[in-house]
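Asker: Okay, here's what each chain looks like letter by letter:
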Amino acid sequence: MKNIKVLGTGCANCKATLQLIADVAKAKGVDIQLEKVEDMAAIVGYGVLATPGVVIDGKVVHSGGLPSRDKIQSWL
Amino acid sequence: MNFKKSDARWLAAVALGAVVWWVLYTHLLEFSLVAVRLIGVDQATHLGSALGFFIYESPKVLLLLAGIVFLMGIIHTFVSPERTRDLLSGRRLGIGNVMAAGLGIVTPFCSCSAVPLFIGFLQAGVPLGVTFSFLISAPMVNEVALTLLFGMLGWKVAGLYLTLGLAVAIVAGMTIGRLGMEGDLEDWVRALQNSQSAGRNAEDPMTWPERIRAGLAHDREIVGKVWLYILLGVALGAGIHGYVPQDLIVGLMGRKVWWAVPAAVLLGVPMYSNAAGIIPVVQALLAKGAALGTVLAFMMSVIALSAPEMIILRKVLRPRLIAVFVGVVAAGIMLVGYVFNAVL
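In the order they appear, the protein sequences are chains A and B.
Reading the first sequence from the start, the letters are residues 19 to 94 in the working numbering.
Reading the second sequence from the start, the letters are residues 1272 to 1615 in the working numbering.
Where hints are given, some of them may not hold.
[Claimed, not checked] Some chain A residues near chain B, calculated using beta-carbon distances under 10 angstroms:
{"id": "1", "residue": "Gly26"}
{"id": "2", "residue": "Gly71"}
{"id": "3", "residue": "Gly82"}
[To be verified] Have a look at the derived ranges for each label pair, beta carbon to beta carbon:
{"id": "4", "chain 1": "A", "residue 1": "Gln37", "chain 2": "B", "residue 2": "Phe1349", "range": "45 to 53 angstroms"}
{"id": "5", "chain 1": "A", "residue 1": "Ser92", "chain 2": "B", "residue 2": "Leu1519", "range": "53 to 61 angstroms"}
{"id": "6", "chain 1": "A", "residue 1": "Ala40", "chain 2": "B", "residue 2": "Val1350", "range": "29 to 37 angstroms"}
{"id": "7", "chain 1": "A", "residue 1": "Lys77", "chain 2": "B", "residue 2": "Gly1425", "range": "47 to 55 angstroms"}
{"id": "8", "chain 1": "B", "residue 1": "Met1542", "chain 2": "A", "residue 2": "Ala60", "range": "31 to 39 angstroms"}
{"id": "9", "chain 1": "A", "residue 1": "Ala34", "chain 2": "B", "residue 2": "Ala1438", "range": "30 to 38 angstroms"}
{"id": "10", "chain 1": "A", "residue 1": "Ala59", "chain 2": "B", "residue 2": "Arg1482", "range": "27 to 35 angstroms"}
{"id": "11", "chain 1": "B", "residue 1": "Ala1315", "chain 2": "A", "residue 2": "Ala40", "range": "57 to 65 angstroms"}
Just so you know, the hints here were simulated from the structure itself, not pulled from any lab data.
Idealized CB from N, CA, C, for every residue including glycine.
Build out the structure end to end from the sequences listed, making use of the hints.
Answerer: This is how it looks when you write it as structure tokens:
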């Protein structure tokens, strides 16, 4: 099972990203473990410069702006 | 560049869109005159002139904005924050500040990610003063503000705003850099400074259809958010246009009122708006005799100095550094206001 973390301090796009990933996973029937990371030091620790950031199994795959549905599908 | 059939289709769609855009934009005045006549209000009355202003101005500004924001979305696919960071890493004060202010215009930036960006820059060895030049320029000198100024007040005012906004960002960043205030960063941030080499993440190259889609997504995000502000702003502007007496505005915001500039800057700090909501009002105030320097100072203050951003930055900066930041930027903006009022 993939562990997906969404990094962000509560901006509108961060919430939308979380929701979109959950939706795509549900539509594809893929089981994922979805987490929200809001602690600033933790976010900075991943080295992202723009939120929302997306981390899959410890690896940063996206930063800044809402990822497209296609992009999320390719991650899962 | 290797071209595929799907690329060609996308480019054709963009070209067609550009033509439609151009025809609409160049014929707006005729459309608005027809519309006012259809509504059946006399052009010569207050209501008629206010209505005409509204029907002409709002689609004009929205069209212009949609075009520029689309192009900017494409430019953003070339200039990521990571690339900007790598370009600024290890630069000296001076040239570094000039580059940072310039890159602030084209790099995608959202004040909600100001903190990770700030720390990421310091981590990669971007000097503190250079980082501040970027943080001041990025929100203040942006494509939405410039497009609206251009659309409503003409290229001269837009050009002045661009030049002076960059100047404030460069000088304020250099001043903060010279003061050597690294000791006023919070400890955990200081520990991270210069801890990492730049150029870690390689970016995957994008195709043109992807870039075009990014432009459209940027349009949806920005125009989808600001259209309401623009309509409200233009409606308010139209009201001022038709009804508020000129003497009142000249007495409060005219060139002879010496305290108007600092008052405008002070008033702007607690206000937090994007450029879109404020510019239509600005235009109407100017038309009624408010001084350009006072109005621009107000606008810069609203956009560049905002209470919410201070609260976010408090996580990484000690109060003394925040105070210096606000003081230096406010002083720069006031100087811009006075210079404008004196010269024009």
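Asker: Given a hint of 30 to 38 angstroms, does the C-beta separation of Ala34 of chain A and Ala1438 of chain B actually sit inside it?
Answerer: 37 angstroms Cβ-Cβ, so the 30 to 38 angstroms window holds.
Asker: Holds or violated: the 27 to 35 angstroms window for the beta-carbon distance between Ala59 of chain A and Arg1482 of chain B?
Answerer: Given a distance of about 34 angstroms, which is inside 27 to 35 angstroms, the answer is holds.
Asker: Report holds or violated for the interface hint on Gly71 of chain A, using the least CB-CB distance to chain B and a cut-off of 10 angstroms.
Answerer: 8 angstroms, holds
Asker: Using the Cβ atoms, figure out if Ala40 of chain A sits within 29 to 37 angstroms of Val1350 of chain B.
Answerer: 31 angstroms, holds
Asker: Given a hint of 53 to 61 angstroms, does the C-beta separation of Ser92 of chain A and Leu1519 of chain B actually sit inside it?
Answerer: Between Ser92 of chain A and Leu1519 of chain B, where Cβ atoms are some 60 angstroms apart, the hint holds.
Asker: Using the Cβ atoms, figure out if Gln37 of chain A sits within 45 to 53 angstroms of Phe1349 of chain B.
Answerer: 29 angstroms, violated
Asker: Starting from the hint 31 to 39 angstroms, judge whether the C-beta atoms of Met1542 of chain B and Ala60 of chain A obey it.
Answerer: 33 angstroms, holds
Asker: For the pair Lys77 of chain A and Gly1425 of chain B, does the Cβ-Cβ distance stay inside 47 to 55 angstroms?
Answerer: 49 angstroms, holds
Asker: With respect to the beta-carbon atoms only, verify the hint that Ala1315 of chain B and Ala40 of chain A lie 57 to 65 angstroms apart.
Answerer: 58 angstroms, holds
Asker: Does Gly26 of chain A pass the interface check with chain B, least Cβ-Cβ distance below 10 angstroms?
Answerer: 8 angstroms, holds
Asker: Report holds or violated for the interface hint on Gly82 of chain A, using the least CB-CB distance to chain B and a cut-off of 10 angstroms.
Answerer: 6 angstroms, holds
In summary, the structure is inconsistent with hint 4 from the numbered list given earlier, while agreeing with all the others.
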